[in-house]
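**Student:** Chain residues, written in single-letter form:
Protein chains: 2
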Amino acid sequence: MSFERVAIIGLGLLGGSVGLAVQEHLPGVVTSGFDADPAVRRRAAERGLTAKVCESPQEAVAAADLVILCVPVGAMAEVAREIAPALSPGALVSDVGSTKQSIAAALGEALPNHAVIPAHPVAGTEHSGPDAGFASLFRHRWCILTPPADADPVQLDALAAFWRALGATVEIMDAAHHDLVLAVTSHIPHLIAYTIVGTASDLEDVTQGEVIKYSAGGFRDFTRIAASDPTMWRDVFLNNREAVLEMLGRFTEDLTALQRAIRSGDGEMLFDRFTKTRAIRRSIIEQGQDDARPDFGRKHDAD
Amino acid sequence: MSFERVAIIGLGLLGGSVGLAVQEHLPGVVTSGFDADPAVRRRAAERGLTAKVCESPQEAVAAADLVILCVPVGAMAEVAREIAPALSPGALVSDVGSTKQSIAAALGEALPNHAVIPAHPVAGTEHSGPDAGFASLFRHRWCILTPPADADPVQLDALAAFWRALGATVEIMDAAHHDLVLAVTSHIPHLIAYTIVGTASDLEDVTQGEVIKYSAGGFRDFTRIAASDPTMWRDVFLNNREAVLEMLGRFTEDLTALQRAIRSGDGEMLFDRFTKTRAIRRSIIEQGQDDARPDFGRKHDAD
Chain U
1 MSFERVAIIG LGLLGGSVGL AVQEHLPGVV TSGFDADPAV RRRAAERGLT AKVCESPQEA
61 VAAADLVILC VPVGAMAEVA REIAPALSPG ALVSDVGSTK QSIAAALGEA LPNHAVIPAH
121 PVAGTEHSGP DAGFASLFRH RWCILTPPAD ADPVQLDALA AFWRALGATV EIMDAAHHDL
181 VLAVTSHIPH LIAYTIVGTA SDLEDVTQGE VIKYSAGGFR DFTRIAASDP TMWRDVFLNN
241 REAVLEMLGR FTEDLTALQR AIRSGDGEML FDRFTKTRAI RRSIIEQGQD DARPDFGRKH
301 DAD
Chain V
304 MSFERVAIIG LGLLGGSVGL AVQEHLPGVV TSGFDADPAV RRRAAERGLT AKVCESPQEA
364 VAAADLVILC VPVGAMAEVA REIAPALSPG ALVSDVGSTK QSIAAALGEA LPNHAVIPAH
424 PVAGTEHSGP DAGFASLFRH RWCILTPPAD ADPVQLDALA AFWRALGATV EIMDAAHHDL
484 VLAVTSHIPH LIAYTIVGTA SDLEDVTQGE VIKYSAGGFR DFTRIAASDP TMWRDVFLNN
544 REAVLEMLGR FTEDLTALQR AIRSGDGEML FDRFTKTRAI RRSIIEQGQD DARPDFGRKH
604 DAD
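Heads up: the sequence lines are chains U and V, in that order.
Just so it is clear: in the first sequence, position 30 is 30 by this note's numbering, and no numbers are missing.
Just so it is clear: in the second sequence, position 230 is 533 by this note's numbering, and no numbers are missing.
Chain U with its partners taken away, still in its complex shape (with noise of 0.2 Å):
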């Protein structure tokens, strides 16, 4: 079994990927999408981000056997709601949302009549909207899927070959497993990284033209993520919110603990700590998950 038709509802940075993948790597395959943002719909339309771009959600999904829904979390369970009347009796209906029980949760309830199998396809850039999507963002990405117990393992299989093809390695995990995982992966990065640039901002004895100038020193590094989508970012936070609040409580120890050591003059105890951290890097490096060239590979001669 394989997809003939995917419909992709909200057609932004995952959205509009996954759109223009799905023509580049599975040509057979008819693609539909909405956005609930008109000018969104118009632009998609130019960008051909989807083959047909329609006026509205139910006319997306109404011949498609695989509906991925590509909104905030926030928004899943009411954009659910619209499609169920619409979705053929054997669509299968996933997602790419960062977090998956709350969104096992609205979708399951949302659709009880279909089946749902969510899936978290870890890539992204720091940019949003019709225009930052591109076809190879999945590339050498892992791509995690959180079936129901009950899910079909034909679909299940058929969803995993679907982002196979579009260059992901696919990866199936408990969603409770996936909210921890990721909690430390990907959303206390974007928190801190929030927090140190909105701190920064805020200084009254260092302007910020200051802060801008002198960037270069390790600050330009977080407001990458910290420029990520703003709803995006507050649904992930309200609906992943134990497990950021039980890694935040380890980070926060492991601060104060550092901070100890700074103010007790303890070179030892810094010196081991700085020096297990560079491990971690070249692991991701090695396994093709970064870029090996210095400073991510940053231009260092542009004019």
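These aren't lab readings, by the way, just hints derived from the structure by calculation.
Each residue gets a CB set at the ideal place from its N, CA and C atoms; glycine is no exception.
Worth double-checking, as some hints may not be accurate.
Going by beta-carbon spacing under 8 Å, a handful of chain V positions derived as facing chain U [stated by the list, open to error]:
no., residue
1, C357
2, T428
3, Q590
Capping the alpha-carbon separation at 30 Å, the derived lysine-lysine pairs in DSS-like fashion look like this [unchecked claim]:
no., chain 1, residue 1, chain 2, residue 2
4, V, K602, U, K276
5, V, K579, V, K602
6, U, K276, U, K299
7, U, K299, V, K579
8, V, K602, U, K299
With the hints as your guide, set chain V onto chain U.
**Tutor:** Relative to the frame of chain U, chain V by itself:
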């Protein structure tokens, strides 16, 4: 006045880059270098980081009219004491250290009979050692000079012209203010990055393999600066303790406020905070301090 013979003590990322940049942009200037590590000296000679690589710091500085100390902050005083007897009477001593008050004090004490103007080029990568340097490191970056009150204006102008020749834009600043500004734009970001990478590698319920796999969710951005030289960074925190602890206090307050908003489900507060941080990134890009391409310009189609 301009410098004719530049000595570089310490031939790692910064020292090596200064040496290469001088040879590229100031071909008439004679360069000599020294590093305490014989293996580094060998590699520096192979790469030609300075025209001559000497076997002692005294030999390296003997004929120089500008000596630049490119060693970790904690090693500055000792190196200054070692070179003091060999320095030409008119030589200017400078450095590239990341903290300025402690270095000004250390160099002033070790070199009571010589002119000292501390400097800090706000540039670097996560790599260190004699293979890490490159000639364009300082291009479009800021170099902050923190001259003492009695600095010779002619020497100050010459040092500023030297850094401009290497591609940097020069700013004059009070050492105490420098330490506060850099605590925000560089030291705290490094401390936070080291912390979160450490936290993530110490969890029981999420494996290190999972952290590495799913690092593209945001975590990998932090691993770059957490791979920086541990000796250098230990010294920075021990030598800019007050400003770092002050800024860390602000950061922790702001993080606690966001934590409370997550716990209480205050979506409006989260959205508001996450919105205002985008403007800073835009300014950083506009001012040429970061790459405008998504993901810092990381490759998306690499094999």
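**Student:** If a hint holds in the structure, say so; if it does not, say that too.
**Tutor:** Here's how the hints hold up against the structure:
1. C357: It is violated, given that the least Cβ distance between C357/V and chain U is near 28 Å, above 8 Å.
2. T428: 4 Å, holds
3. Q590: For Q590/V, the interface hint holds, since the closest Cβ of chain U sits about 6 Å away, which is under 8 Å.
4. K602/V x K276/U: The hint holds at about 27 Å.
5. K579/V x K602/V: Since the Cα atoms of K579/V and K602/V sit roughly 28 Å apart, the hinted pair holds (cutoff 30 Å).
6. K276/U x K299/U: 28 Å, holds
7. K299/U x K579/V: With Cα atoms ~27 Å apart, K299/U and K579/V stay inside 30 Å; holds.
8. K602/V x K299/U: 12 Å, holds
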